[in-house]
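**Q** Residues per chain, in single letters:
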Amino acid sequence: MSLSDSWDVLVLGLVLGSLYAVIAIGYTLVYGVLQLLNFAHSEVFMAGGFGGVIALTIVEPAVDPSGMQSAVYVLLGICAGAILGGTIAFGLEKAAYRPLRRRNAPRLVFLITAIGASFFLYNLAGKLFGRYPIAMPTMYENKTVFTVFGTRVSITQLIIVGAALVMLAAVDVIVNRTKLGSGIRAVAQDPEVASLMGVDIDKVVSRTFVLGGLLGGVAGFLFGTNLQVEYTMGFLPGITAFAAAVLGGIGNVRGAVLGGLLLGVVEAFTVEIWSDAWRYVGAFAVLVLVLMFRPTGLLGERVGRAA
Amino acid sequence: MSTNLDKDALPQPGDAATDGPTPLLELRDLHVYYGAIEALKGVSLTVPHGQVVALLGANGAGKSTTLKAASGMLRPRTGDVLLRGERVDGIKSHELVRFGIGHVPEGRRVFARMTILENLKMGAYRLRRPDPTDLERVFTLFPVLAERRKQIAGTLSGGEQQMLAIGRALMGKPDLLLLDEPSMGLAPLIVQQIFEILREINEQGTTLLLVEQNASQALRLADYGYVLETGAVVMSDQADALLSDPRVRAAYLGEAVE
Ligand SMILES: Nc1ncnc2c1ncn2[C@@H]1O[C@H](COP(=O)(O)OP(=O)(O)O)[C@@H](O)[C@H]1O
Ligand SMILES: [Mg+2]
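Going down the list, the sequences are from chains A and B. Residue numbering for the first sequence follows the working numbering, beginning at 6 and increasing consecutively. Residue numbering for the second sequence follows the working numbering, beginning at 103 and increasing consecutively.
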């Protein structure tokens, strides 16, 4: 592998990793406030992909769109992904998890419910939209925008990384500088005392799901950008992003970003060095290795601080 | 007991229960359960405006449970919680804080991974527009918190954490402050200091319901006291009367005198 090839692979990995980072935040925020591994988050991601396809199919992008038109299509897709992702996440919390919290159900019940909700949602999507890949309408011609160190960076890559950066910055501000964020952090550390300060835990939990859902939905749209969506598309990116959240230290927002980027890069290099069949082997080997030496993840001891 | 003399003119809890002005807090025949365990077996007590009421008792007597029922953390199975004469039992704790209740929980429970300043801001969470003079007031009462406002709360000493927990509750502008064993596990000198600050907080107009195992300290600060045993009030009187009561001295002061 030549040096310029390595750069290509690194860019691929960072683009993929920035998507994993955005999805991983959904897992880590929900874990922070509820200590719940929300496996159905992968279906929120899938819903975002379908949201984009539905919106774009309705508007029918022009055959040879102008730059302005393309930008509008992309923004439309992002909004549709966010809305569908946020809505599914909101409904999921209300319908599946809140009744369990009312009954003080044991952890295991939450986990099984999460897996059940995941099955339900992706099979529902399969039933509604068909169990085959659906092409996302073409929004722009995926040209090379610029070249760094001999590596060509495409429009799609630029959109993905740009949108991911904006979302990560927004989450950082929300968690660390807003009232919702202080509620989220307080509930993550001590829900009982948080409610003594006037924090409505139900409201904070619901909004945390929505926040994670907005991000996951946008990630789902970006993942399918100029490609395709499918009812099972959530599973592998979802599991990988979940692994990224654990790798970074579940509950820790910055850890989720770090874990996502790391797993994206490891995945890209694994495919390059061995083959596509090894795609997820490298990333999960890294996960297992890190957890052997740091069971709480890379930034794990700070759970709740940044969450 | 010179400090209690100037308060003798005020209405006393004993009178308030029968007639006189509506007390700030009144608990009537509270029965609270943990599953099948009955932790409170009909507790009644009265906290008049502006006073300090002490709630004494051994470990497991039900002191914390009483405070939790008063602040909405627990819902009594039967019995009433009245705040300014209004029934508030059944209202959840995050809503009840708007009625002017501050609860400093047992074991301090500061947000260990937040800074001092972030903890204090959490205390003002319920307020739409936090009042900057509240922060000044807390920093005046506890200068050590002002010096270290950027420090992570988990790294503070026990005494500093207790001060932070009290300061955090004050940030919510409570009329009634519920304090659950503020002296627990602290050195005598720190306890002294905290009780002096509690007196100051009370003199500034905040009513205190003070749970303590440190009976002598608590009774010297309090106007009135209740003694709890296995979920029921077994004694109640003026604080100085309890302080000189031989039964109280034998049961609670023998072990608690510093
Ligand atoms: N969460 C709980 N679950 C079951 N029993 C409890 C719980 N909390 C307290 N208790 C029981 O209720 C009784 C009163 O406890 P508590 O109010 O904490 O006493 P105190 O504060 O006076 O030490 C004790 O017998 C205690 O064991
Ligand atoms: Mg107690």
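Please keep in mind that the hints were generated in silico from the structure rather than gathered at the bench. Any given hint might turn out to be false.
To be verified - Derived DSS-like pairs: lysine-lysine, alpha-carbon spacing no greater than 27 Å straight-line: (1) A/K208 / A/K99; (2) A/K208 / B/K194; (3) A/K208 / B/K223; (4) A/K184 / B/K252; (5) B/K252 / B/K275; (6) B/K275 / A/K99; (7) B/K252 / B/K194; (8) A/K99 / B/K252; (9) B/K194 / B/K223; (10) A/K184 / A/K99; (11) A/K184 / B/K143; (12) B/K143 / B/K223; (13) A/K132 / A/K99; (14) A/K208 / A/K184; (15) B/K252 / B/K223; (16) A/K132 / B/K143; (17) B/K275 / B/K223; (18) A/K208 / B/K143.
Fair warning: this is a prediction, and the values are worked out from it, not measured in the lab.
**Q** Tell me the numbers of any earlier hints that the structure contravenes, in ascending order.
**A** 6, 7, 8, 11, 12, 16 and 18
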